[in-house]
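Novice: Put together the whole structure using the sequences plus the hints.
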Amino acid sequence: MLKLVVVNLFRNPLRTFLTMASVAVALFLFCALGGILDTLQEAIKVGSESRLVTRNKISLVQWLPMAYQQRIAAVPGVKRVAVQQWFGGQDPADTKGFFAQFAVDDTWYGIYGKDFELAEASPAESPGAIPDGADPRLAAYFQEQTACVVGQKLMLKKGWKLGQTITLAGTIFPGSWPFTIRAVYHAKKKSFGDETLFFHYKYLNEKGLGGFGAVGTYVLELNDPSQASAITHAIDSQFENAAPATLTETEQAFQAGFVSMYGNIPFVLRVIGLAIVFSILLIAANTMMTSIRERTSEVGVLKTLGFTDGAVFGMVVTEAAVITLGGGLLGALGAKLLVSGASMPGGFFPPMSVYWGTVLTGIAIAVAIGAVSGLVPAVQASRLRIVDALRRVE
Amino acid sequence: MASVDVRNVVKVYRRQTEELRVLDGLTLAIPDGSFVALMGPSGSGKTTLLNLIGGVDQPTSGDLEVDGTNIARMNGAALARWRSRSIGYVFQLYNLIPVLTAQENVELPLLLVRMSAAERRKRAQTALGLVGLGDRLKHYPRQLSGGQEQRVAIARAIVSDPKVLLADEPTGDLDRKSAEEVLTLLERLNREFKKTIVMVTHDPHAAERATKQYHLDKGVLSN
Numbered sequence: 001m002l003k004l005v006v007v008n009l010f011r012n013p014l015r016t017f018l019t020m021a022s023v024a025v026a027l028f029l030f031c032a033l034g035g036i037l038d039t040l041q042e043a044i045k046v047g048s049e050s051r052l053v054t055r056n057k058i059s060l061v062q063w064l065p066m067a068y069q070q071r072i073a074a075v076p077g078v079k080r081v082a083v084q085q086w087f088g089g090q091d092p093a094d095t096k097g098f099f100a101q102f103a104v105d106d107t108w109y110g111i112y113g114k115d116f117e118l119a120e121a122s123p124a125e126s127p128g129a130i131p132d133g134a135d136p137r138l139a140a141y142f143q144e145q146t147a148c149v150v151g152q153k154l155m156l157k158k159g160w161k162l163g164q165t166i167t168l169a170g171t172i173f174p175g176s177w178p179f180t181i182r183a184v185y186h187a188k189k190k191s192f193g194d195e196t197l198f199f200h201y202k203y204l205n206e207k208g209l210g211g212f213g214a215v216g217t218y219v220l221e222l223n224d225p226s227q228a229s230a231i232t233h234a235i236d237s238q239f240e241n242a243a244p245a246t247l248t249e250t251e252q253a254f255q256a257g258f259v260s261m262y263g264n265i266p267f268v269l270r271v272i273g274l275a276i277v278f279s280i281l282l283i284a285a286n287t288m289m290t291s292i293r294e295r296t297s298e299v300g301v302l303k304t305l306g307f308t309d310g311a312v313f314g315m316v317v318t319e320a321a322v323i324t325l326g327g328g329l330l331g332a333l334g335a336k337l338l339v340s341g342a343s344m345p346g347g348f349f350p351p352m353s354v355y356w357g358t359v360l361t362g363i364a365i366a367v368a369i370g371a372v373s374g375l376v377p378a379v380q381a382s383r384l385r386i387v388d389a390l391r392r393v394e
Numbered sequence: 001m002a003s004v005d006v007r008n009v010v011k012v013y014r015r016q017t018e019e020l021r022v023l024d025g026l027t028l029a030i031p032d033g034s035f036v037a038l039m040g041p042s043g044s045g046k047t048t049l050l051n052l053i054g055g056v057d058q059p060t061s062g063d064l065e066v067d068g069t070n071i072a073r074m075n076g077a078a079l080a081r082w083r084s085r086s087i088g089y090v091f092q093l094y095n096l097i098p099v100l101t102a103q104e105n106v107e108l109p110l111l112l113v114r115m116s117a118a119e120r121r122k123r124a125q126t127a128l129g130l131v132g133l134g135d136r137l138k139h140y141p142r143q144l145s146g147g148q149e150q151r152v153a154i155a156r157a158i159v160s161d162p163k164v165l166l167a168d169e170p171t172g173d174l175d176r177k178s179a180e181e182v183l184t185l186l187e188r189l190n191r192e193f194k195k196t197i198v199m200v201t202h203d204p205h206a207a208e209r210a211t212k213q214y215h216l217d218k219g220v221l222s223n
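Residue numbers (the numbering used here), protein chains in the order written: chain D, 1 to 394; chain G, 1 to 223.
In short, the hints are calculated from the structure, not lab data.
Hints are supplied without guarantee of correctness; some may be wrong.
Not the full set, but computed from the structure, chain D residues with beta-carbon under 8 Å of chain G [said to hold, decoys possible]: (1) Gly306; (2) Asp309; (3) Leu384; (4) Val387.
Just a sample of chain D residues kept apart from chain G, beta carbon distances all over 12 Å, derived [stated by the list, open to error]: (5) Asn8; (6) Met66; (7) Gln164; (8) Phe212; (9) Leu282.
No experiment lies behind these values; they were computed from the predicted model shown.
Backbone N, C-alpha and C fix where the C-beta goes; we use that ideal spot for every residue, glycine too.
Specialist: Shown next, in the form of structure tokens:
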């Protein structure tokens, strides 16, 4: 029986190839779109349940005073507090090549020390103080106000070298901003991303804020993560009647909120994905129906020889499933291989991920398309009366 | 003993409100091992009778016993299994599967029985050897002449060793020489292998090769 399915697949190789290719392209798109959803999900994972983020209660773009850092640090259960400020600079040589930049204080490297490792670093001229938990090889960085730490992938993309001085044009903080690359990092967690530039907050504060000390977000490390809820309440209560008030949440909730700013894009992507799947279903069904219609008399012959309606049904459905499963495997695995690791537009997100769950969903959809597209012609072929199929009634 | 026993068979086709009575209470007994020709004008019901005997269609009423089995009321799946065991069918237009070689075409009926691939191959080669095409095993239908195609079709019909062979105008699409070869082959299958053969034909010359001729007219036997 399988032999018959195989020869029928190669009966019209071009048609089989084109149908398989159209299923492959559709499933590639479906999985690539699914990859965007997976990447948004991955972005949420950047956050840790054991870290808290405090920001302005009104909006993420409103600042908090620098003076809050010590008051937050004084809340029982808070181990240490780091400063993190979005910079938003542009590379004048590549204004469309957006990437994320953050101004952070020294404590930040201690808090995030386990999320990344240094691939290379400039040697320090003299030993200096290293924050608890930070890599000692960052000494040269800590000693130089204009130093920066750059992700390995961004280095490759931009062609930058360790020790090189690069200049960014500020958009939020106008002016020309020279930085010297003193370390290159590699993310231990994929979700941390390898395409971000970190530099000294004190450099930003002095050059861009005139020493005013405004901060976008504070990142808090806790002594006991199980106390997060109580600590959150304690911090926000403390600033409830202050100007500005604060909003404290787990880092994961903060990331989820950031991702949610993309609004209905996940919904739109799902709708587009389903539309692609539905259109390919119609194409596959049409192909199968044409293919079976061309073989009507052969179906009659097979039945005359003793092939049951069920056997004919099975052969047609199998034929359709092989075409769509072949295309589905190509498309879904192709998306996994080609899309995974690619950069998401916008620079906010970690490298693109296509979860195996998305790939398996794509393959399952391919099988379902095969079954559904083969169903109508299979039912028609199985119900076909031999005398009608042979087209001879005397 | 009758290999084919048709008793008072009626076949009515319904097209919308119109009823077409193709066979009208036909009774016919074909003895085991005979070679019968069914003749008659177009629309007389020859092919319909052949289809009923072969179990590819069912009578509206009446009884039909073939090779000891009453097939008049058999359901679809059982009828299909019975066909694969008991009937060999030869079509006017050969109806070979174009993407299969001669040997693969002949192997088709054997796919329905539990048999090793080697045994299947061996039986197909034997059947093709019997019809004189032992040297055309790997040829596709398009690489064969009409006469050769029909002989492959006959090999396919006999490969599962059915007792009854049904041939619907087996020489209708062949030149005289090829037609002679096919008729000689059918004669041999009847004489040497004791196959009961029922052949529909318009050709009186072909009908003469049968041991008995029946004439149908408007759904009833006229002789």
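Novice: Minimum C-beta separation from Met66/D to chain G exceeding 12 Å: can you confirm that?
Specialist: For Met66/D, whose nearest Cβ neighbour in chain G is about 79 Å away, the distance exceeds 12 Å, so it holds.
Novice: Checking a non-interface call: every C-beta of chain G should be farther than 12 Å from the C-beta of Phe212/D. Is that right?
Specialist: holds, 80 Å
Novice: Would the hint on Gly306/D stand, with a C-beta cut-off of 8 Å toward chain G?
Specialist: holds, 2 Å
Novice: Test the statement that Gln164/D is away from the interface with chain G: the closest C-beta pair must be farther apart than 12 Å.
Specialist: holds, 65 Å
Novice: Using 8 Å as the Cβ threshold, decide whether Leu384/D counts as touching chain G.
Specialist: violated, 12 Å
Novice: Quick check on Val387/D please, does its C-beta sit within 8 Å of some C-beta on chain G?
Specialist: Holds: closest Cβ of chain G sits about 5 Å from Val387/D, inside 8 Å.
Novice: Does the CB of Asp309/D sit less than 8 Å away from some CB of chain G?
Specialist: Status holds, d = 6 Å.
Novice: Non-interface claim for Asn8/D: all C-beta distances to chain G beyond 12 Å?
Specialist: violated, 7 Å
Novice: Would Leu282/D pass as off the interface with chain G, using Cβ distances and a cut of 12 Å?
Specialist: The claim holds: Leu282/D sits with its nearest Cβ about 27 Å from chain G, beyond 12 Å.
Going through the hint list in order, the structure does not satisfy hints 3, 5.
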